[in-house]
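Enquirer: Chains as they are written, first to last, in the working numbering: chain A, 2 to 349; chain B, 4 to 302; chain C, 13 to 196.
By construction, these hints were calculated from the structure, which means they are not laboratory data. Glycine included, every Cβ here is placed at the ideal spot set by N, Cα and C. Mixed in with the good hints, there may be bad ones.
[Unchecked claim] Below 27 Å or equal to it, Euclidean Cα-Cα: the simulated DSS-like pairs (lysine-lysine) are:
hint, chain 1, residue 1, chain 2, residue 2
1, C, Lys139, C, Lys191
2, C, Lys185, C, Lys139
3, B, Lys127, A, Lys150
4, A, Lys308, B, Lys127
[Stated by the list, open to error] DEER-style ranges, computed between Cβ atoms:
hint, chain 1, residue 1, chain 2, residue 2, range
5, B, Leu162, C, Ala175, 52 to 62 Å
6, B, Leu75, A, Pro299, 27 to 37 Å
7, A, Ser221, C, Ser27, 33 to 43 Å
8, B, Thr170, C, Gly94, 20 to 30 Å
9, A, Glu153, B, Leu284, 22 to 32 Å
10, A, Ala217, C, Asn157, 32 to 42 Å
11, C, Glu51, A, Trp6, 54 to 64 Å
12, B, Leu78, C, Glu51, 26 to 36 Å
13, A, Pro178, B, Tyr69, 28 to 38 Å
14, A, Thr338, C, Gly188, 55 to 65 Å
15, B, Lys127, A, Ile294, 43 to 53 Å
16, B, Leu75, A, Gly159, 56 to 66 Å
17, C, Ser27, B, Leu162, 51 to 61 Å
[Said to hold, decoys possible] Listed below are several chain C residues computed to face chain B (Cβ distance under 8 Å; list not exhaustive):
hint, residue
18, Arg36
19, His41
20, Phe49
21, Met60
22, Ala143
23, Leu147
Given next are the chains, with one letter for each unit.
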Amino acid sequence: MTRRWVGPALTALVLAGAVVLIVFLPRMTSEFRLGQFTYVAIYFIALLGLNILTGYNGQISLGHAAFMAVGGYTAAVLILGQEGFKLVGQEPAEIIPKHGITPIWTIPIAGLVTGVIGYLFGLPALRLAGVSLALATFAVAVSMPAIAKRFEHLTGGGGGLSLPLPEAPFGWDISPPHWLYYEAWGAAGILFVVAWLLVRGRVGRAWRSIRDGEVAAVSSGVSPAVYKTLAFGISSAYAGVAGALFAIQNSYINPDTFPLTLSILLLASAVIGGLSSLSGVIVGALVLEFLPIYAQEPPVFDVNFAKQAAPVVFGVVLMLIVFLMPGGAAGLLRRLTRPIVAAASRRS
Amino acid sequence: MPLAFAWSDFAQQVTSGLAAGAIYASLALALVLIYQTTNVVNFAQGEMATFTTFIAWMFMDRGLPYWPAFALTLLIAFAGGVGVERVLIRPIEHRPEIVIVIMTIGLLIALNGLTGWIWGPEVKAFDSPFPNSSVIVGGVAISVRDIGTFCVCLGVVVLLWLFFRFTTLGLAMRAVAFNPDASRLMGVRVGWMLALGWGFAAVLGAIAGMMAAPTIFLDPDMMIVVLIYAFAAAVLGGIDSPVGAVVGGLLLGVVINLLGAYVNFVGNELRLPTALAVLLLVLVIRPTGLFGRRVVRRV
Amino acid sequence: MRQSGEIAFAGKQLSGAGPDKAARSGIAHVPEGRGLFAELSVWENLRMGAYVRGERRTIRREAPRVFEYFPWMERRRDQQAGTLSGGEQQMLALARALVSRPRLLMLDEPSLGLAPTVVQEIFRIVKELNANDGLTVLVVEQNANVALEAASRAYVLEVGQVAIGGDSAELRKHEGVRKSYLGY
Numbered sequence: 002m003t004r005r006w007v008g009p010a011l012t013a014l015v016l017a018g019a020v021v022l023i024v025f026l027p028r029m030t031s032e033f034r035l036g037q038f039t040y041v042a043i044y045f046i047a048l049l050g051l052n053i054l055t056g057y058n059g060q061i062s063l064g065h066a067a068f069m070a071v072g073g074y075t076a077a078v079l080i081l082g083q084e085g086f087k088l089v090g091q092e093p094a095e096i097i098p099k100h101g102i103t104p105i106w107t108i109p110i111a112g113l114v115t116g117v118i119g120y121l122f123g124l125p126a127l128r129l130a131g132v133s134l135a136l137a138t139f140a141v142a143v144s145m146p147a148i149a150k151r152f153e154h155l156t157g158g159g160g161g162l163s164l165p166l167p168e169a170p171f172g173w174d175i176s177p178p179h180w181l182y183y184e185a186w187g188a189a190g191i192l193f194v195v196a197w198l199l200v201r202g203r204v205g206r207a208w209r210s211i212r213d214g215e216v217a218a219v220s221s222g223v224s225p226a227v228y229k230t231l232a233f234g235i236s237s238a239y240a241g242v243a244g245a246l247f248a249i250q251n252s253y254i255n256p257d258t259f260p261l262t263l264s265i266l267l268l269a270s271a272v273i274g275g276l277s278s279l280s281g282v283i284v285g286a287l288v289l290e291f292l293p294i295y296a297q298e299p300p301v302f303d304v305n306f307a308k309q310a311a312p313v314v315f316g317v318v319l320m321l322i323v324f325l326m327p328g329g330a331a332g333l334l335r336r337l338t339r340p341i342v343a344a345a346s347r348r349s
Numbered sequence: 004m005p006l007a008f009a010w011s012d013f014a015q016q017v018t019s020g021l022a023a024g025a026i027y028a029s030l031a032l033a034l035v036l037i038y039q040t041t042n043v044v045n046f047a048q049g050e051m052a053t054f055t056t057f058i059a060w061m062f063m064d065r066g067l068p069y070w071p072a073f074a075l076t077l078l079i080a081f082a083g084g085v086g087v088e089r090v091l092i093r094p095i096e097h098r099p100e101i102v103i104v105i106m107t108i109g110l111l112i113a114l115n116g117l118t119g120w121i122w123g124p125e126v127k128a129f130d131s132p133f134p135n136s137s138v139i140v141g142g143v144a145i146s147v148r149d150i151g152t153f154c155v156c157l158g159v160v161v162l163l164w165l166f167f168r169f170t171t172l173g174l175a176m177r178a179v180a181f182n183p184d185a186s187r188l189m190g191v192r193v194g195w196m197l198a199l200g201w202g203f204a205a206v207l208g209a210i211a212g213m214m215a216a217p218t219i220f221l222d223p224d225m226m227i228v229v230l231i232y233a234f235a236a237a238v239l240g241g242i243d244s245p246v247g248a249v250v251g252g253l254l255l256g257v258v259i260n261l262l263g264a265y266v267n268f269v270g271n272e273l274r275l276p277t278a279l280a281v282l283l284l285v286l287v288i289r290p291t292g293l294f295g296r297r298v299v300r301r302v
Numbered sequence: 013m014r015q016s017g018e019i020a021f022a023g024k025q026l027s028g029a030g031p032d033k034a035a036r037s038g039i040a041h042v043p044e045g046r047g048l049f050a051e052l053s054v055w056e057n058l059r060m061g062a063y064v065r066g067e068r069r070t071i072r073r074e075a076p077r078v079f080e081y082f083p084w085m086e087r088r089r090d091q092q093a094g095t096l097s098g099g100e101q102q103m104l105a106l107a108r109a110l111v112s113r114p115r116l117l118m119l120d121e122p123s124l125g126l127a128p129t130v131v132q133e134i135f136r137i138v139k140e141l142n143a144n145d146g147l148t149v150l151v152v153e154q155n156a157n158v159a160l161e162a163a164s165r166a167y168v169l170e171v172g173q174v175a176i177g178g179d180s181a182e183l184r185k186h187e188g189v190r191k192s193y194l195g196y
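Modelling step: build the complete structure from the supplied sequences, incorporating the hints.
Expert: Below is the structure:
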């Protein structure tokens, strides 16, 4: 007899611990640090979506920052509204009157819009097997800034759009950074649960079967076309939500807010965290936010590297992960905890 | 649209498109070389090219004349390409495609950072071996630099073709690309053939980089857009077809130039997205590209 | 999978070495399914056979000899190998193996999927090679009739073990072999 509940109970305990940590973190840290953790939440959401696509469905996207940009611009345009838009570039952001929609409501709309666009992109992309899809998304990421600059009347062109900082609702007496932190982590929590339900259910099984062998999936009655575009759409929707939150948190968006580098580093972080593992996503998000900072100024040594040290470290870490721990951080965690769980499950 | 359509203007656009296309073709051919043998698209191809172009710049900065620097760079590129295959790709060659792609992405990130770290992010001027003048042919002014670029790129392509067609090593490399298992039975050291393929690809990339740099200037990100065009060219021609890559590259260079010049909506900014749209369209109509083989998938 | 034992050829250890090393030590293997380079021409396939011994020199010396056995190949040397008929492909695979002047020729299921007359033709050539050039040939073959007729020694393998072995003329008279493999 083994105690089967030990594994899930441990997971639940860790999750509860994470929630407590997230809720009480703002009391323990400075507002600047808090902003960094807000970005962690945002990356967490984007990486959840990317992991659904790449980890669970086996499709590589090198263009997720472009989908984040779609979400970001959607939110920005909605927040500014028609009246606010006219004042872009003429008045400082703080005094632009709020003509548009309350920022928080733009987030689901941005997710929806990006999801639909991603779905539509996924239709032709479906015909591209593996690497060609990666190429197409890569090309999207490279061309996004040019497109954003070209359609100036919508995006404010190279000058970008400045957004007012949102205030906490219901007369809640916290500062905008604190509000943004809770907003981002709230969205992250909801989307985590959604992703968890998705990958655990029928849809997730279909995705995995396509990833592990498309021909076999077809013969067991799964339509790759339907499920692959679905994965693309949902993944883009996640990116859209992340992009909207990013724009609001950044209170500014321009064509360089979501560069190609971000697309590439998103994929790298997803791999470092661990593909097809939701728990690894948080590691990926932390790496994406903090690795560039610490690579430049290692906390232990008293040195200061050039800005370019960050990508070098990032690339090397990624290559080492591929060599040494294909499951990423999550795989390592599983390997480390398995004996503990096994020991606890055994009756003494 | 310009008010009057002038043939000389049109011809000029075509010739400069061919020069750009020859650069895309070189890099596209590099991608195809690796795709044929390793069955993976090398996302680091552009960064490898950039890195070697910086090496060439360093040689010239230290006073080496152009062509010796050029030759030395090609040697280094070749060694580098072989090294990358041996050290990074070899240990994971039997892992799924996605793993190898991620490895090349890791290399892309690291090389891009390293280039900026060593040589700084500032844009640098890069010498061209060809004068910045033009010759008049049949009433059309053609830039000498364009002619030189075209000839160097296409010359290397022809040399490579001769190598694959007429030498034992070239034959063995083609055999490995088509059927590695049978090649092993013939006594071919398949691993080394793959490494050679990476070496040649790196050389092609270095040439593309050195030919592109005088026009687009030298900076760590300079090859990213060129790489996208090369991808597009390779996919357009059929990712497993060397001829397709070259034709695709030239075609793309000309079409993009003409679209940019004559279609107002496209202009200068939207060339890349337009190339992308054309690419997607081709793929939807003909997934194997213009010259590609139909892939039979195993269950 | 548990593995034991060793493989040695002409006094050289081959255990654990790749097929390319076996080829370099003088073994030519025509695998089941032939392992041709379908996209390359007939001539290029033959050139690949010569690769292991120094391609240029060897192909010049060996091609005439191979064309004696297979005259049609000389006329159709530029044809793509993949467009040959099944029997022609098997002959090309055999010819390609011969070009390397092997010390041991190994044929895996050469009769698979071929018409009886073609099978006869192939085994006639193999026998001739053995008789004229003293080439050692190892054939793995389901078609016991044909194989026993051509071979001087034969072994019956059952679940990975040599069940019966010996002179093939004797094996043909063996009752068990006759009943199970020859069908009379």
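Enquirer: None of the hints should be skipped; say for each whether it holds.
Expert: We went through each hint and held it up to the structure:
1. C/Lys139 x C/Lys191: Given that 27 Å is the threshold and the Cα spacing comes to 26 Å, the pair holds.
2. C/Lys185 x C/Lys139: holds (21 Å)
3. B/Lys127 x A/Lys150: This hinted pair holds, its Cα atoms lying about 25 Å apart.
4. A/Lys308 x B/Lys127: holds (19 Å)
5. B/Leu162 x C/Ala175: 52 to 62 Å: holds (58 Å)
6. B/Leu75 x A/Pro299: 27 to 37 Å: holds (35 Å)
7. A/Ser221 x C/Ser27: 33 to 43 Å: For C/Ser27 against A/Ser221, whose Cβ atoms are near 41 Å apart, the range 33 to 43 Å holds.
8. B/Thr170 x C/Gly94: 20 to 30 Å: holds (23 Å)
9. A/Glu153 x B/Leu284: 22 to 32 Å: holds (26 Å)
10. A/Ala217 x C/Asn157: 32 to 42 Å: holds (40 Å)
11. C/Glu51 x A/Trp6: 54 to 64 Å: holds (58 Å)
12. B/Leu78 x C/Glu51: 26 to 36 Å: The hint (26 to 36 Å, Cβ to Cβ) holds, given that B/Leu78 and C/Glu51 are roughly 31 Å apart.
13. A/Pro178 x B/Tyr69: 28 to 38 Å: violated (55 Å)
14. A/Thr338 x C/Gly188: 55 to 65 Å: Hint holds: Cβ distance 59 Å, inside 55 to 65 Å.
15. B/Lys127 x A/Ile294: 43 to 53 Å: Hint violated: Cβ distance 28 Å, outside 43 to 53 Å.
16. B/Leu75 x A/Gly159: 56 to 66 Å: violated (40 Å)
17. C/Ser27 x B/Leu162: 51 to 61 Å: violated (42 Å)
18. Arg36: Holds - the Cβ of C/Arg36 comes within 8 Å of chain B, reaching about 5 Å at its closest.
19. His41: holds (5 Å)
20. Phe49: holds (5 Å)
21. Met60: Holds: closest Cβ of chain B sits about 5 Å from C/Met60, inside 8 Å.
22. Ala143: violated (25 Å)
23. Leu147: Given a least distance of 17 Å, the restraint on C/Leu147 is violated.
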